[in-house]
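> First to last, the sequence lines map onto chains A and B.
Going by my numbering, the first residue of the first sequence is number 203, and it counts up by one from there.
Going by my numbering, the first residue of the second sequence is number 203, and it counts up by one from there.
In case anyone wonders, no lab produced these hints; they're calculated from the structure.
Hints should not be assumed to be uniformly reliable.
Copies of the same chain are indistinguishable here, so a pair counts whether it falls within one copy or spans any two.
As the list claims (entries may be wrong) - Here are the simulated lysine-lysine pairs, BS3-like style, with alpha carbons at most 30 Å apart: (1) K424 <-> K518; (2) K269 <-> K396; (3) K269 <-> K384; (4) K269 <-> K352; (5) K473 <-> K420; (6) K473 <-> K424; (7) K319 <-> K572.
Protein chains: 2
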Amino acid sequence: MHRVVIVGGGFGGLTAAQALRHAPVEVTVIDRRNFHLFQPLLYQVATGQLSPGEIASPIRNVVRNQKNTRVLLGEVEDFDVATREVILNDGSRVPYDSLIVATGSTHSYFGHDDWEKFAPGLKTIEDATEIRRRILFAFEAAEREPDHQKQREWLTFVLVGGGPTGVELAGALSEIANDTLKHDFRNINSRDAKIILVEGMERILQTFPEDLSKAAEKSLLKKCVQSRAHCHVTNITEDGVTLKTESGEEQHIACKTVLWAAGVRASKLGKVLSDKTGAQLTKNGGIIVEPDCTIKGHPEIYVIGDLQTFTYQTGKPLPGVAQTAIQAGTYVAKTIVRRLKNQAVKPFHYFDKGSLAVIGRLSGVADFHKLHLSGAPAWFVWLFIHIAYLIGFSNRIIVITQWAFNYLTQNRSARLITGIPFPLPDITDTANETRA
Amino acid sequence: MHRVVIVGGGFGGLTAAQALRHAPVEVTVIDRRNFHLFQPLLYQVATGQLSPGEIASPIRNVVRNQKNTRVLLGEVEDFDVATREVILNDGSRVPYDSLIVATGSTHSYFGHDDWEKFAPGLKTIEDATEIRRRILFAFEAAEREPDHQKQREWLTFVLVGGGPTGVELAGALSEIANDTLKHDFRNINSRDAKIILVEGMERILQTFPEDLSKAAEKSLLKKCVQSRAHCHVTNITEDGVTLKTESGEEQHIACKTVLWAAGVRASKLGKVLSDKTGAQLTKNGGIIVEPDCTIKGHPEIYVIGDLQTFTYQTGKPLPGVAQTAIQAGTYVAKTIVRRLKNQAVKPFHYFDKGSLAVIGRLSGVADFHKLHLSGAPAWFVWLFIHIAYLIGFSNRIIVITQWAFNYLTQNRSARLITGIPFPLPDITDTANETRA
Numbered sequence: 203m204h205r206v207v208i209v210g211g212g213f214g215g216l217t218a219a220q221a222l223r224h225a226p227v228e229v230t231v232i233d234r235r236n237f238h239l240f241q242p243l244l245y246q247v248a249t250g251q252l253s254p255g256e257i258a259s260p261i262r263n264v265v266r267n268q269k270n271t272r273v274l275l276g277e278v279e280d281f282d283v284a285t286r287e288v289i290l291n292d293g294s295r296v297p298y299d300s301l302i303v304a305t306g307s308t309h310s311y312f313g314h315d316d317w318e319k320f321a322p323g324l325k326t327i328e329d330a331t332e333i334r335r336r337i338l339f340a341f342e343a344a345e346r347e348p349d350h351q352k353q354r355e356w357l358t359f360v361l362v363g364g365g366p367t368g369v370e371l372a373g374a375l376s377e378i379a380n381d382t383l384k385h386d387f388r389n390i391n392s393r394d395a396k397i398i399l400v401e402g403m404e405r406i407l408q409t410f411p412e413d414l415s416k417a418a419e420k421s422l423l424k425k426c427v428q429s430r431a432h433c434h435v436t437n438i439t440e441d442g443v444t445l446k447t448e449s450g451e452e453q454h455i456a457c458k459t460v461l462w463a464a465g466v467r468a469s470k471l472g473k474v475l476s477d478k479t480g481a482q483l484t485k486n487g488g489i490i491v492e493p494d495c496t497i498k499g500h501p502e503i504y505v506i507g508d509l510q511t512f513t514y515q516t517g518k519p520l521p522g523v524a525q526t527a528i529q530a531g532t533y534v535a536k537t538i539v540r541r542l543k544n545q546a547v548k549p550f551h552y553f554d555k556g557s558l559a560v561i562g563r564l565s566g567v568a569d570f571h572k573l574h575l576s577g578a579p580a581w582f583v584w585l586f587i588h589i590a591y592l593i594g595f596s597n598r599i600i601v602i603t604q605w606a607f608n609y610l611t612q613n614r615s616a617r618l619i620t621g622i623p624f625p626l627p628d629i630t631d632t633a634n635e636t637r638a
Numbered sequence: 203m204h205r206v207v208i209v210g211g212g213f214g215g216l217t218a219a220q221a222l223r224h225a226p227v228e229v230t231v232i233d234r235r236n237f238h239l240f241q242p243l244l245y246q247v248a249t250g251q252l253s254p255g256e257i258a259s260p261i262r263n264v265v266r267n268q269k270n271t272r273v274l275l276g277e278v279e280d281f282d283v284a285t286r287e288v289i290l291n292d293g294s295r296v297p298y299d300s301l302i303v304a305t306g307s308t309h310s311y312f313g314h315d316d317w318e319k320f321a322p323g324l325k326t327i328e329d330a331t332e333i334r335r336r337i338l339f340a341f342e343a344a345e346r347e348p349d350h351q352k353q354r355e356w357l358t359f360v361l362v363g364g365g366p367t368g369v370e371l372a373g374a375l376s377e378i379a380n381d382t383l384k385h386d387f388r389n390i391n392s393r394d395a396k397i398i399l400v401e402g403m404e405r406i407l408q409t410f411p412e413d414l415s416k417a418a419e420k421s422l423l424k425k426c427v428q429s430r431a432h433c434h435v436t437n438i439t440e441d442g443v444t445l446k447t448e449s450g451e452e453q454h455i456a457c458k459t460v461l462w463a464a465g466v467r468a469s470k471l472g473k474v475l476s477d478k479t480g481a482q483l484t485k486n487g488g489i490i491v492e493p494d495c496t497i498k499g500h501p502e503i504y505v506i507g508d509l510q511t512f513t514y515q516t517g518k519p520l521p522g523v524a525q526t527a528i529q530a531g532t533y534v535a536k537t538i539v540r541r542l543k544n545q546a547v548k549p550f551h552y553f554d555k556g557s558l559a560v561i562g563r564l565s566g567v568a569d570f571h572k573l574h575l576s577g578a579p580a581w582f583v584w585l586f587i588h589i590a591y592l593i594g595f596s597n598r599i600i601v602i603t604q605w606a607f608n609y610l611t612q613n614r615s616a617r618l619i620t621g622i623p624f625p626l627p628d629i630t631d632t633a634n635e636t637r638a
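Model the full assembly from the supplied sequences, consistent with the hints where possible.
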């Protein structure tokens, strides 16, 4: 039986596995996590709206009735492209006839990896609970801080990166400060929180049409979020962020909480695969693929999702979103089956369904090419699409129920500060506080 | 204004704070966690039925409309009983006129603290996600293990302690192995898992009447859980558990997963308080209180909940359950108010409403003194009582929804292995695997 090995259980890998359900192949899905994560809602875990379990589905559970599919919890370390084997970190080898690599991406600090501990990014469940911890802890620390200046630093939040994730985090943070926590404190007014969204390019949401960027900026301003375009971060320390504005001026923002929603870099396995196959890499570590999503000279190795750089269609790489990964997952599954039947294969064609970003309650932007939506209509579209794509029927119902409560009560029930080492760090001592 | 300081936001402390809502006092609740945890359902987080956020309520949120109450996130380290101040770990002091200490309890390994890393107990949210990780990881490791003997060790689970927590964990583990995971693996049969519940006394659930112990044992046996009474644990290592049976024989059970549900010890603040006030401590570190729940010679210091040892009523300490803490919380709040009004104070009287333990779907035991229930009726009673006492309306609805899904589908959606350090530990290397 033809053996298909899929590395990565994200949108791309899992879609490919599901699409191979009835194919005459043996499928092995390898992931180092035991669950598929619904990334588009991860910011809601980071901001206390949802619990981790509500946006995760055990990979085994998703494919449990797929008799031709097995799942391995394991970390892939290397590939032996001559013998056609995947090598795990315990040395064990998994042979393949077709290989699908879909290991995604992680944050990039543009060469400043030392910024990471002061400005965590949002990719994993652990990132999300750490960001949640920092946000909630900042308000707690401000409540206990007698010094007015330090209190203001605890209540200042800087988000680096004005893409959809930065905008979503900024909007959610604003709702935490202005709605959720408004009755919770006695020494501080949570509404005094200052939220600053920093973007290096000329406008936030710069992959969206200009009118939608403007609409988003306006919505954020209504939520008391300052967005600052043309601003480059030049340094991040435990004392705050240093920016360089368009005019070249340096400016320091004193704050205790910085979140990173800027650069993205392909998973490390891209480099490993490129070393073994000679595949070309982009600056961000993405693998440049052929029109059929394979590596040049290796028609048995497919690369999809965020790890893939596909430029045939538009001359530019496709966007690094769930849609791209899902469509490529379906495409490569079909292609593998067609090749087994010796049928002709068409090149991959990405159909851009549009883009969405949510800002908060009844507020978002949606770009459906000819149709641009903002405000409540965009928010409703966002809501329905996210519910529809969320994996697992029970997750859907639970998320709808949580959202209904959050909406009606302006509350966020998943407001847990977890993972603190005991004893609790001294609140005035930020050096201790930056650990996970 | 009379200042009441409450240390601990568990059942006792939070009930006292809520009962003081309309009293002419200033209330400060201090806790090192920002949330109240609904302990009776913690085993469901440990076994993947519920997510942490679903059984936790932010303390601030619970008392947010109580204008006379403020909440401090902080760790109490000491008491100055002469100046009447609570001292936090950052050195700051919080003055009180009445003090309520309700810091609960933690596990006790009976002098074998080195067992903790091999056999975690279940007290905090972090404990629960760690236990969940170990249980789920054991099945994953077994799936990948080629050696048959080692595979069996991964599939053997020993629970130490046959009280309600041990029974609940054993029942849930059985359902994970026999129902939830039955279609998930290809190399192993999850139903081959061996679950052993070890109890030192003559029977499991020994605080319950004998007929209910028997019923519980029978229900567990139906679920393929072996319960072994009269067995003392003499050693726990990464290779398994050594027992001494009633006849004095030593027996080794080779297994990779051991969970601790045996001893309980009062919180460390009991010792601190005893040093400062001369209060008598029990062997487990509980503070022996006066009939009005105060410390002898300190009518302004109340001790309630698991930290309290109250022997006036029955000659024996009251049970360490939520009911005791809740009733004492209400009592001390009323007592403080009565004393402010110079009214006479009656001694604390505990009303034992009965005991419950759940074993699984449609299975449990309930002791309402004259009425003993087992099986489905006990389970329904358990269900309604736990929903009724769960704090937060939205938590209630979400938990009901999750339970309905779990019940109908036999699935457990919160099956996340989180907190693993990357790279994933080598599955055949247990030394790495024991860390959190």
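> Next step is simple, just say for each hint if it's right about the structure.
Hint check:
1. K424 <-> K518: neither (35 Å within a copy, 62 Å between copies)
2. K269 <-> K396: between (53 Å within a copy, 26 Å between copies)
3. K269 <-> K384: Answer is between; shortest inter-copy Cα gap is 13 Å, intra-copy 52 Å.
4. K269 <-> K352: between (59 Å within a copy, 26 Å between copies)
5. K473 <-> K420: neither (41 Å within a copy, 57 Å between copies)
6. K473 <-> K424: Result: close neither inside a copy nor across copies, 44 Å intra and 53 Å inter.
7. K319 <-> K572: For K319 and K572, neither the intra-copy (42 Å) nor the inter-copy (60 Å) Cα distance is at most 30 Å.
Consistency with the previously given hints fails for numbers 1, 5, 6, 7, ordered from lowest to highest.
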